[in-house]
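Engineer: Now for the letters of each chain:
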Amino acid sequence: MASILEKLQKIVSDKYVTNDINIRHAYSRNTDLDLHGVPEYVIRPKDVKEISEILKVANEENIPIYQRGAGICEFGGSKPIGDVGIVLDMKRMDNIHNLDEDNLIVTVEAGISWGKVNEYLSQFGLYTGCMGPGSGMSASIGGGISHHSVGGGGCAKYGACTNQLVSLEVVLPTGDIIDTGSQANKYSKFPFNRFGNGPDLTGLFCGDQGIFGVKTKISLQVFPRPPFANYKTFLLPRKGNEVAAQIFTEIRKKGIDVYDAMYIIDLLVIVGAQEGMFPLWENLKRKRGIFFYTIEANTETELNEKVKLLDDILLSKKAEVFGPEIEDGNYAKWHYVEQGHWQTYHNLWGVWQAFQPLTAECFTPINMFPKILNDLDVWDNEHAEDFNRILNITGRRPLTTTGPVLLIDGNNVELTCGSSSFSSYYNGEYHEEIHETNIKIWKSLLERVTKWGAQWYMMGEVVSRLMVEIGAYQPEFYNAMKAIKKTLDPNAIVSRGKFNFR
Amino acid sequence: MRLKIRMSKLENIKKQWKAIMSCMNCGDCGYAIRPAVGRFLTCPVKEAKGEEGWEIWFSRGRMSVLKNILEGKLELNKDLAKYVYQCSECGSCTEVCHQTHNPNIVLNTSKWIEHVEVWDALRRDLVEAGFAPLEHHAKLIEYMNNPGMRNPYGESKEKKFEWVKEVKGLSKTSDVVFFAGCTEPLRQKETLINLAKIFNAAGKEFSIIDDEWCCGSIALRIGDINSVKENVEHNLEQIKKTGATKLFAACAGCYRTIKKDWPDLIGEELPFEVINITEMLLDLINDGSLKIPETNTEAIKVVYHDPCHLGRHMGLYDPPRDLIKKIPNTNLIELKRNRQNAWCCGAGGGVKSEFSDLALEIAKNRIDEVKETGINILLTACPFCVGNLNDCVKIQNININVLDIIDYIASKL
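Those protein sequence lines, which keep their order, are chains A and B. No gaps in the numbering here: position 336 of the first sequence is 335 in numbering that gives the first Met the number 0, and each next residue is one more. No gaps in the numbering here: position 39 of the second sequence is 38 in numbering that gives the first Met the number 0, and each next residue is one more.
Note that these hints are calculated values from the structure, not bench results. Here the structure is a predicted model, which is why all the values come from computation and not from measurement. Where a beta carbon is used, it is the ideal one built from N, C-alpha and C, also for glycine.
If we take Cβ atoms under 8 Å as the criterion, some of the chain A residues that face chain B in the derived model are:
#	residue
1	Asn21
2	Val41
3	Ser112
Which stretches of chain A does chain B cover? Using the computed rule of at least three CB atoms under 8 Å from a CB of chain B, they are:
#	segment
4	24-33
5	64-72
6	85-97
7	348-357
8	418-424
Keeping only pairs whose Cα atoms sit at most 20 Å apart, straight-line, the calculated DMTMM-like set for lysine to aspartate or glutamate is:
#	chain 1	residue 1	chain 2	residue 2
9	B	Lys48	A	Asp46
10	A	Lys45	B	Glu51
11	B	Lys77	A	Asp19
12	B	Lys72	A	Glu435
13	B	Lys393	B	Glu368
14	A	Lys14	B	Glu46
The following block holds chain B by itself, in its conformation from the complex:
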């Protein structure tokens, strides 16, 4: 029987119909192993579920559900939310979806489906239908909208700016503005102090935003788009006041949201360039401003974990690697699964906040891969990855030092 679906409930997934109907249900998003191109399975959530890895946990199963919803065979429902929000939106399914990893044979199929956009659309429809946000996610959004907070951690506005008091070299206006985000100021303050230390060593200044609010990443990933608009408008006004022509972000989530989502939300290009901290630091080294002293000690081996929001979401694979290679006495070793094939840390898509055990289980898979290398310094460029991978390391009592590249560089100065 075909159900009568109220169209308003499905506005977002209806816009994704071509992507949904282009899925041929081959199942590579759940099962693919292709050692020839470094692909060793695809979906971190499905693997973390282990023996309970029902097909709904990976892309194909949800695509089947979406086809049935569009064709009127199934209604959007509250139970669906519990499956949908356990996806970390890492985008690994897009990479294996008929991707050849070969510039000579780039097939259209690899461009038809941007899975994360489909999941975002589904989340928006779930929110609009009243089936989401889930309990913890709702709290994050509530905090983000609280005039006294404006961050998803439920902390006061003032606390977010405490790090500023501990650093030098910030200016009120500058060509370059730093978007600090919420996670590092409130949970990894030391990294920002180290960032300032690096800029001081390079003799460079940067400005910050006086009243920076959450970029909206968390609400966007949850699908509550209406909660985000005010934040974006406010932040844009604040950035304009600095007169900056370039903005850099050290948080991979903020970087993705500002560079990719904000223009979509406001319907126009941003009036400034957006770059990631790894690009910024690489520029400082390349133009000779930042000099990291050489030592006579043996080179330290490090591995790099590609954050999903930098890599698969934004295609930023080389700048972090180029930056690490410029650090004296440092030898970058690639993990078995890297770049497009990198295994997610498990924190993204709201998984860490709502399903923390699942996030840790996914992280364990990644940490096991690091353990196989015998290397005990794991660098990355995302505070969520740092946080979740560190939580995993601590729980398992493993001797692996998970560091943001910023902290690693600062330790060399």
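Next comes chain A alone, as it looks inside the complex:
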């Protein structure tokens, strides 16, 4: 009888599947330092048919499948839960199928990165609007859709990357292949619209954390990139959290289609300037919260009008504008021009060596985030003992703060608040105590934020299970989700372990 490896080799050839121990370990982690799971096999399929066959084998053998785009999940979503299963490396599927210039729709394979798609689109004066997650220069389109990602620029104007989704090709956990949106009609010649032909099954797979199937082909609406843009950065007065929330709200109430608007809290500015992270603000006398925006327009007149509206809001709140150049403190210019939209978050990650953010990435209403951030100070004090344990080993007390607060569509912000710690392997030895404390404080923080009613978008292993463990789901919602999972994936093959379904 053929082994699992032999069956998989028959599908993709022996070049694209392996049980080599070193390769398996290379696929055992995501971006955090504590979660870990070594797969039994890693496979790199080239097309939808191969994935369908792989899933059929997985069902026969009762072996779970874990999808991995660029593998940048912060919550352990694209590596095995436990030392089990097959990692499906989607990065071999990185082709652009078609750009429909008339209908402004691009169709790509799920493994391609936001960066690569946008590099291609730029030749036509187009872009994806929402540029995907903050890691978009590497992150895959499939991963972005599976997480409702934001953070890579353009989210204030275009919303999460799922907003521009037109249709999907998905391999269901049993191996069946479906097309959604306009493509549900077998006579449709090309993807053109998401809604219609019955319920929005595309939406079922948006933000599904990969539990309902494997996305293989994705059609996205694309947009002409406006030729004019401006970007400004401001120093906020005291009580930055509340002032920033008021500014976000006024932008929405005045209906200004700001491309990006972000707020960086004073603690981050202080620590960042201290640790050499923000040289452009090192000489600031008053290190307070920073607010910046980017606005795009089709004409200079339109741009000037929008800039005036935005400036009026900020100046009325006693915000002080920085000069136009990056060295003047204009972070917005750095973000839009130098960085090409991405990397704000990554760049904040490594303020100290072997540093590990224990983050919570979620959406909240604008008027809720100041309360959550204020409560995190209380939460931090409550965990002084835990932090002291880390301090005793590393000589540094972890920090509780938030990354940039980002305006997204509607009256919502993305909050990347969190605590921090250090790697369990520290100073030449492995400290189980650090690992245990990390997991404890991370879960405690996530629970606290969950109880503020936050809505998680990137959930992975940790958040999806925690929501169930602390009873945060409305029971009827959870049961409905479980029933859908059971119908689509009776053997719990895809992303086994997430949401504690099994």
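Based on these hints, arrange chain B on the given structure of chain A.
Structural biologist: Okay, now just chain B, sitting in the frame of chain A:
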């Protein structure tokens, strides 16, 4: 299960623990595309592997393996060597690792990880554990240690000095000593003859070392540090005998090794200044000694390939460019990927000697980029780059002339 690791096996990577644990596994080292700053993918090895580009071929995958080794979840093993030694140690991963390319936002993360140092540490541990060197690498080291050779090419000591008989203007002692290395004397002799021609034209002399041994670059990159010490000590004694206060090298590998690695190995500063040939020649032009005649012909367009050992390893980006710009009737055009973002030629880190097909595949990517410019003169400043890029051009029968800057200048005299 946590394995009991014998500490002696991991001494070198343990010293790199902060760098290893600072890797956040974001994957930019494998996938990053950021056209705004000229970044079009990162890892030449992963790209050359094409559809077989498993994550272990680029930095993140190996960092995960190293984390697991340090945490006792995986043992150092012989199979790991076959992945580790296919890295050309070009250092491109360091450049994309949270680098902003912006002096106003220089984040600590960009300084935490010097990837090449991590790979060197891993190679040393593999050698110490007996899992390396690999077959061809072992031969190179054997030749380097052979008293009758002292070079990794397996050639006699005498052959390395044959070029000297064909040039004039060398002195026994001088303020300036030339470290010839092994590759140019034994494989690209013409370049050294051209070098002497340039010095003769400038009316300058330089000394060479009577009994120069391999600088140790190849053994260092392989991770056999014990084989290098004798060479370094011998060469230092020989250099001291010349009385030189300045040493220049035309080989980018020697330049990197002498300037960066030797002080680390001996634990003190070198008693002489180390410069690259491009800096030396630029000085000769700037002080008026070297005059390259102007012609009435149309300017020739050339492109420049940044050798990893000069650029990313040593930060030497401007002197070669400034030098080319000083050559009359020459118009330097930048390649799409240049300076920190330059694509590796594929020869470094021992890849050419052990995995020559991979080296050529990487070179092909670079040559394709040159082809896109329509320019057929490719200048560089490293004999390994010259050799590997030329091999690629010959195999593909492409009309691109790969030249060391030295040869190009000499052709103008």
